[in-house]
Amino acid sequence: MFQSRRAVEAGVSTAQLSPEVEIHQRGYARPDRLVSTAWAAENLENPSVRFVESNEDSLLYSSGHIPGAHEIDWTRDLNDPVMRDYLGREGFEALMRRIGATEDTLIVFYGDRNNWWACYALWVFQLFGHDNCAVMDGGRIKWEKEGRPLVREVPKAEPSTYSARERDDSANRAFRQDVLAHLKAGGRLIDVRSPGEFTGEKLHMEGYPNEGAVRGGHIPTAKSVPWARAVNTDDGTFKAAGELKAIYETEAGLEPGEDVVTYCRIGERSSHTWFVLKHLLGYDKVRNYDGSWTEWGNSVGVPIEKGA
Amino acid sequence: MSLPPKLQETLDLISLFPDRADRVQALISIADRFVPIDESLAAPPYGEGHRVPHCESEAFAWAFCSEGGGLSFRYAVQNPQGLSAMAMAVILQEGLEGVGLEEVLAVPDDLPYVIFGRELSMGKSAGLMGMVQLTKGLAKMA
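Quick note, the sequences are listed as chains D and E, same order. 203 is the number that the numbering used here gives to position 203 of the first sequence; each next residue is one higher, with no gaps. 103 is the number that the numbering used here gives to position 103 of the second sequence; each next residue is one higher, with no gaps.
Keep in mind that the hints were calculated from the coordinates and are not lab data. Please read all numbers here as calculations on a predicted model, not as lab measurements. The beta carbon of each residue, even a glycine, is placed where N, CA and C say it ideally should be. Hints may be right or wrong, so weigh each one.
[Stated by the list, open to error] Calculated lysine to any residue pairs in the SDA-like style (CA-CA distance at most 25 Å, straight line): (1) D:K156 with E:R23; (2) D:K156 with E:I28; (3) D:K306 with E:D22; (4) D:K239 with E:P80; (5) D:K145 with E:V35; (6) D:K156 with E:V35; (7) D:K145 with E:F17; (8) D:K285 with D:A241; (9) D:K156 with E:F17; (10) D:K145 with E:S29; (11) D:K145 with E:P44; (12) D:K306 with E:M122; (13) D:K223 with D:A171; (14) D:K145 with E:I28.
[As the list claims (entries may be wrong)] If you want a taste of the chain D side facing chain E, the calculated C-beta under 8 Å gives, among others: (15) D57; (16) L59; (17) I266; (18) E305.
[As the list claims (entries may be wrong)] Coverage of chain E stretches by chain D, computed from C-beta distances (three or more under 8 Å per stretch; other residues unrestricted): (19) 25-36; (20) 69-83; (21) 115-121.
Based on the provided sequences and hints, a complete structural model is requested.
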């Protein structure tokens, strides 16, 4: 029987692992990056685990969340209030101390919208080198559909003494100049927005502002793979590795190990695809361009393409 | 032009909660009142012309001329977890019931910031403002 490294580290016995076995059998490069809702339910009291809910909808956590789960809000907790950037080392330390996490704590992210914001939060955590992270497969909707408990009580953790390293963007984050260099080198890009956003087609009624950018379209040579294709529509879980390879490799033409940049409108949806490529399919050199279309579509001196 | 009285009343109520946590609870209570458009008026799959631009909760809007001559609005939110979109829909539907076109057009596009506060993410603000903009656009054609 399989036993995930994540489960071993968190002190969970093999007998408890049947949903984790199913995750292992999907063929991911890093199956330990996912935990099942069953595993989560069995580890709500595990002191070496912190559950973190991160949502697109800021009302959801307060309407009910997994018992003991902390909320991390992208705008309030992860963004720098002045720069268009993320929090720095001191801010990250304060955040981790607030939720009572140590350097060894397993952070299990989950949220709405098929874990889109959960993957975004995990991506930011990895910029600080907190590698002991996983996503609860299926996210909040699966937990709810299974009738598992939701509470409104906000946990108060005993503050920890977390010591973070300086944020290192180089491995997982791309900036505008990196994307320009990537383009020049013939690197591959995945545009995870909707097909309408990709083509530059106007889907709105006449007279309305559209993309939040001066121009519509996509970064030249980018392939369109909407982010939600990576999940099963029935329960929000991630598709098996074989299905993901069919999408990203057979259809979009990526090759294993290739240097890839993902982007969307502001870098949140593309962090979901970053997670899929990096952790589920094992692409070492995948970076998320969080400037994305709101920067590229408004930038002077950069090329775009329109159409499919 | 001042806002329609019912809409202003809701905004005044929300302004009583300067604390974020209290405001969130008030908005959750409003979202609890959400009732999607009756299927006799519109049934899924809804037309793309009714889709709220930029809304990740897959919200849709409709405008009708009510019997009294004013306007009436209905909404659908296909994401069952789209509480903010539901709260916004309730506020618009209740606040604009029976009002005239000019009053609808006078509703500021950035109304979501008044309701949800300035901490809205870029994506969330775009979707909620899209709901206001589509409501105004549909009102012109109703």
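So which of the earlier hints does this model not fit? 3, 6, 7 and 18
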